[in-house]
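Protein chains in written order, with our numbering: chain A, 1 to 276; chain B, 277 to 447.
I should point out that these hints are in silico values taken from the structure, not numbers from a laboratory. Quick caveat, the model's predicted, so the values are computed rather than measured. Some hints could be false.
Distance ranges between label pairs, derived from CB positions [unchecked claim]:
| id | chain 1 | residue 1 | chain 2 | residue 2 | range |
| --- | --- | --- | --- | --- | --- |
| 1 | A | R93 | B | F376 | 22 to 28 angstroms |
| 2 | B | I300 | A | E74 | 21 to 27 angstroms |
| 3 | B | R437 | A | T252 | 16 to 22 angstroms |
| 4 | B | P301 | A | L78 | 20 to 26 angstroms |
| 5 | B | E325 | A | F86 | 38 to 44 angstroms |
| 6 | A | A243 | B | V328 | 51 to 57 angstroms |
Beta carbons: idealized from backbone N, C-alpha and C, even for Gly.
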Amino acid sequence: MFSKKMVMIVGVIAIMAVNIILLSVFNRRYISYYRPGRIAVSVIAPFQKASSKSILFLRDIWYHYFFLVHAAEENDALKKALDKSFEKNVRYREITLSNSRLRSLLNFEKTMTDPVLSAEVIGKDPSPWFKTVLIDKGKHDGVERGMAVVVPKGIAGQITEVSSHYSKVLLIIDPNSAVDALVQSDRARGIIKGDAAGELSFKYVLRKHDIAIGELVVSSGLDGVFPKGLAVGQVSGVFKPKAGIFQEVTVTPYVDFEKLEEVLVVLNPKKQNKPS
Amino acid sequence: MAHCLNICIGLFLIVVQTTVMPHIPVFERFYDLLTPLVVYLSIFRPVREGTVMVLIFGFLMDNISGGPFGLYLTAYFWLFLGVRWAITFLHVGDSFLLPFVVAVGVLMENMIFLGANVMLEQNLQIAQTMVNTVVVQVLWAVFTGPFFLMLFNYSHRRWDRWTQKIFAQKN
Numbered sequence: 001m002f003s004k005k006m007v008m009i010v011g012v013i014a015i016m017a018v019n020i021i022l023l024s025v026f027n028r029r030y031i032s033y034y035r036p037g038r039i040a041v042s043v044i045a046p047f048q049k050a051s052s053k054s055i056l057f058l059r060d061i062w063y064h065y066f067f068l069v070h071a072a073e074e075n076d077a078l079k080k081a082l083d084k085s086f087e088k089n090v091r092y093r094e095i096t097l098s099n100s101r102l103r104s105l106l107n108f109e110k111t112m113t114d115p116v117l118s119a120e121v122i123g124k125d126p127s128p129w130f131k132t133v134l135i136d137k138g139k140h141d142g143v144e145r146g147m148a149v150v151v152p153k154g155i156a157g158q159i160t161e162v163s164s165h166y167s168k169v170l171l172i173i174d175p176n177s178a179v180d181a182l183v184q185s186d187r188a189r190g191i192i193k194g195d196a197a198g199e200l201s202f203k204y205v206l207r208k209h210d211i212a213i214g215e216l217v218v219s220s221g222l223d224g225v226f227p228k229g230l231a232v233g234q235v236s237g238v239f240k241p242k243a244g245i246f247q248e249v250t251v252t253p254y255v256d257f258e259k260l261e262e263v264l265v266v267l268n269p270k271k272q273n274k275p276s
Numbered sequence: 277m278a279h280c281l282n283i284c285i286g287l288f289l290i291v292v293q294t295t296v297m298p299h300i301p302v303f304e305r306f307y308d309l310l311t312p313l314v315v316y317l318s319i320f321r322p323v324r325e326g327t328v329m330v331l332i333f334g335f336l337m338d339n340i341s342g343g344p345f346g347l348y349l350t351a352y353f354w355l356f357l358g359v360r361w362a363i364t365f366l367h368v369g370d371s372f373l374l375p376f377v378v379a380v381g382v383l384m385e386n387m388i389f390l391g392a393n394v395m396l397e398q399n400l401q402i403a404q405t406m407v408n409t410v411v412v413q414v415l416w417a418v419f420t421g422p423f424f425l426m427l428f429n430y431s432h433r434r435w436d437r438w439t440q441k442i443f444a445q446k447n
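The whole structure should be built from the sequences, with the hints applied where relevant.
Right, here's the structure in full:
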């Protein structure tokens, strides 16, 4: 009744349809970290960890012993000191501004008072379409899905999947990421979204706010994921369209995601203190 | 036995592309190293062996990538199927077509990723940098793809000879 060619075409279309439906379903309900998914990560991650450690070890040897011994060490120390002062500076500016506005109303708590856990980046996303990294801390270390991941320069991302010893971090430059943020000086609020170019777009900022290039954007803390007052980036472009209630703001992240090696996972203090 | 070699090669390529290559600026826009392996499996290896490997590699990659689960499985599956279909009327094993097979594979994989992103994301904006990345990946594939295929072929030949020798000695 039907030719072989016809049956083949119908078969291919049917497989395509099933494929698209399954992709849509999996996109909504992520299932990869059920047991087989955990096994897959557990198989690859130790090799990635060994490889990353070897690369860092070889690089350290090169920089510290063969290249400029003293200059490299001094440079490392200065970079660390600069990172610390930068973080302190951002935090102090945020505290000062908050205090002046809300001194009598609220007891502003210093940001980053939550316990943190340091972790090493052991692998990067194999695809240029997505921006995630794997870190060497997992459920056994107290890491849970949704926890914030930061570095001294600011916000890096959040934990999206956890296996027993490893976790996946969705970086803020990924198009699927969203961070509730505000401009530090005039408190204009919006949502920081990643884009494919590795920049950030600051969405839903009302056009009534006058935002200047170079202004600092910090986390608002209202998303319940990232602590308040952490640096996100600085405004690098502002465009006010003729129509509409929002303006288009581009933000350049402070964190250099290409050189992300160590991160801090902000643990949930309430859950950490909970008796088991 | 060939499965063991394929899994070792695949794992090695995954580890290299997620840990070593990000540290080397030249390879910043290099293509997915498993693409030439999938192309090799579909051209030079039996269907059953290739299918099993495509499923394993797709599953592994889906678990370490940030994309929706099934995206790599989809990409590798259709790439495998497409190349197998192409070899029914094209003699892609010859040296003239070899550079273009991997390049077309890389392009196809990126198109599937783009299609999935368009389908699953609202307000998706394709940045110029992504277009540049895809172009650079395809160019890399034209020049380096055949070497990967030759290397995989050479490894399999050596492996087959070695395993045959071992089994011959046992018998």
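| task | Return the numbers of the hints above that this structure violates; sort them in rising order. | result | 1, 3, 5
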